[in-house]
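Which chain is which? The protein sequence lines are S and C, in order.
Using the working numbering, you'd call the opening residue of the first sequence number 1 and step up by one each time.
Using the working numbering, you'd call the opening residue of the second sequence number 1001 and step up by one each time.
Among these hints, one or two may not hold up.
Claimed, not checked - Here are the in silico distance ranges between beta carbons for each label pair: (1) R448(S) <-> H1099(C): 44 to 52 angstroms; (2) L379(S) <-> H1099(C): 34 to 42 angstroms; (3) L1019(C) <-> V240(S): 44 to 52 angstroms; (4) S1030(C) <-> R382(S): 35 to 43 angstroms.
Honestly, the hints are just simulated from the structure, not real lab data.
All C-beta atoms, glycine included, are put in the ideal place defined by N, C-alpha and C.
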Amino acid sequence: MSTSQATGTTGSNTTISPGGLPSRRNTELAMLVFAVLIPVFAYANVGLAINGEMPAGMLGYGLGLGLMAGVAHLVVRRFAPYADPLMLPIATLLNGLGLVLIWRLDQSERLVDPPGAPNQLMWSALGIALFLAVLVFLKDHRILQRYTYISMVVALVLLILPMFFPAVNGAKIWISIGGMSIQPGEFAKIIIAVFFAGYLMVKRDALALASRRFLGLYLPRGRDLGPILAIWALSVLILVFETDLGTSLLFFGLFVVMLYVATERTSWILFGLTLALVGAVAVASFEPHVQSRVQDWLDPFHVVRETGNANQPAQAMWAFGAGGILGTGLGQGNSDLIMFAAKSDYIFATVAEELGLTGVMAFVLLYGLLVERGIRTALAARDPFGKLLAVGLSAAFAIQVFVVAGGVMALIPLTGMTMPFLAQGGSSVIANWALVAILLKISDTARRPAPAPAPSPDVEMTQVVRS
Amino acid sequence: MSELTLTVMRLGFLAVLWLFVIVTVQVIRSDLFGTRVTQRTARRAEAQRPPQPRQAPQQAARGGRQRRGAPTKLVVTEGSLTGTTVALQGQTITLGRAHDSTIVLDDDYASSRHARIYPDRDGQWIVEDLGSTNGTYLDRTRLTTPTPIPPGAPIRIGKTVIELRK
Chain S
1 MSTSQATGTT GSNTTISPGG LPSRRNTELA MLVFAVLIPV FAYANVGLAI
51 NGEMPAGMLG YGLGLGLMAG VAHLVVRRFA PYADPLMLPI ATLLNGLGLV
101 LIWRLDQSER LVDPPGAPNQ LMWSALGIAL FLAVLVFLKD HRILQRYTYI
151 SMVVALVLLI LPMFFPAVNG AKIWISIGGM SIQPGEFAKI IIAVFFAGYL
201 MVKRDALALA SRRFLGLYLP RGRDLGPILA IWALSVLILV FETDLGTSLL
251 FFGLFVVMLY VATERTSWIL FGLTLALVGA VAVASFEPHV QSRVQDWLDP
301 FHVVRETGNA NQPAQAMWAF GAGGILGTGL GQGNSDLIMF AAKSDYIFAT
351 VAEELGLTGV MAFVLLYGLL VERGIRTALA ARDPFGKLLA VGLSAAFAIQ
401 VFVVAGGVMA LIPLTGMTMP FLAQGGSSVI ANWALVAILL KISDTARRPA
451 PAPAPSPDVE MTQVVRS
Chain C
1001 MSELTLTVMR LGFLAVLWLF VIVTVQVIRS DLFGTRVTQR TARRAEAQRP
1051 PQPRQAPQQA ARGGRQRRGA PTKLVVTEGS LTGTTVALQG QTITLGRAHD
1101 STIVLDDDYA SSRHARIYPD RDGQWIVEDL GSTNGTYLDR TRLTTPTPIP
1151 PGAPIRIGKT VIELRK
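Please construct the entire structure, taking both the sequences and the accompanying hints into account.
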């Protein structure tokens, strides 16, 4: 007692405290203003390039985005005052630029599908509404821990439901209710991260410690393999019955990442990668939809050679090539030649053609920074559930960006997934706003300064003696 | 619309986009490196200076600045607290087993209020035994009266040895 007292009062003469404002809400406001002005600039740029005049809806559009961002900022100020200052501005910027890109593709005469920007603006508003609802009603992220096994059931239902609906464009990832179609996988990724976080928090010790050493690797016990094999089987089933490589990759990848973070065992990653490879190769060997995707990946131009007409992957490759280093300028590219899914899955090709490598790098960095803030939140979080959940949500986000961006630039076989915030698609934008809201809530708890300790009688007496 | 305007806008947009990324990184940087390291004893001494009425006005006029060559810290060189340092900022340092001492000695041979070290009017540091059972030793001599501390001289209390250093 006395030793610790001595070091406490005399040994460490320095305190390290975070500088500046503790809440950093003003930083967030400044960044948010910046994040609203950039899309307005982009909007003006597209209008001038295509029609030679300032677009008519620019003022309303800028005000709309500014209003949504402003309301979000005020609610963060009120309900999550210590939250990370960068997540909201980055998400706003990505969403705003996504709206501009979709509006730009709406102006194209080649694309025949109905204009997407007004709908997307409505979905963004709904997404921000859900963001606000999460911030207001989720008082503490640890409440989610109570729903560990309920989330498992909900996530399974959401993942299995699309099997009973007809396939759209070769993949069964949609459910339609009363004319509206929803992609339940987008919501399932959040819910399943809650389940994994709750489950691994309880089981991490068993998974980490009870293992045998073999060839320098820690091999898990047979019965501990149960969950990973179950998740693997589930993602293979998704791949077989819904022919959706993206979703199955996302879930399995998410599980392996969280397993690794929870147990610190590299062997789980090796094990997971092997299983993923085996599953993907096995399914690709008999599923025609997956086979054609793999063929497009290995040889994007085979359709051009065989028929003379370019298909999506070839057009996307040309879009990347046409962009070069600095791009053609917003509104001046021909990425609308991709035609189908140019606004959703292939929107990154528009970024690549019109903003070039410089723009693509900036976008990838923005996604990376958002993920970094999530991981940083996980590091700062004090409770294991919050740590795992923050890692899981960031990893889901990162894997999704990797899967779709890698698919568009033919690094991996293309899968039907949306670029978070950027691409057209209601489910995606709403789910990602909810994801950012949960991360903000965790970071609010993590960055909140610890309550001042109760004054101890010892300290009082010391001061009396000294004076 | 002229080609030049569009080119300027194209490059300007990329510049603005990258500016956002750079500002974001700057915010992260200030998040990482913006921590402030504060000297606690310095702050405390600052706070304590006003309520010291018996200090002579000339002391206050000097602003507590120590004269050249004066020791700036007290270092424990032997005993269970070895390595502990206390900055000397004009405050009195008490030593003993009592838990309200500045340096709490975990030592069976130390009394609860064993000794104190304080600066006199000229800034010379004085050690005074507070009637301890086993005594306070400066170099090898047991203290009987308040004694100025020569630089580098070891002060022994039980098993603990402290020194004043620059």
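Hint by hint, here is what the structure shows:
1. R448(S) <-> H1099(C): 44 to 52 angstroms: violated (32 angstroms)
2. L379(S) <-> H1099(C): 34 to 42 angstroms: Distance hint for L379(S), H1099(C) holds at roughly 36 angstroms.
3. L1019(C) <-> V240(S): 44 to 52 angstroms: holds (47 angstroms)
4. S1030(C) <-> R382(S): 35 to 43 angstroms: Between S1030(C) and R382(S), where Cβ atoms are some 22 angstroms apart, the hint is violated.
When held up to the earlier numbered hints, the structure conflicts with 1, 4 and fits the remainder.
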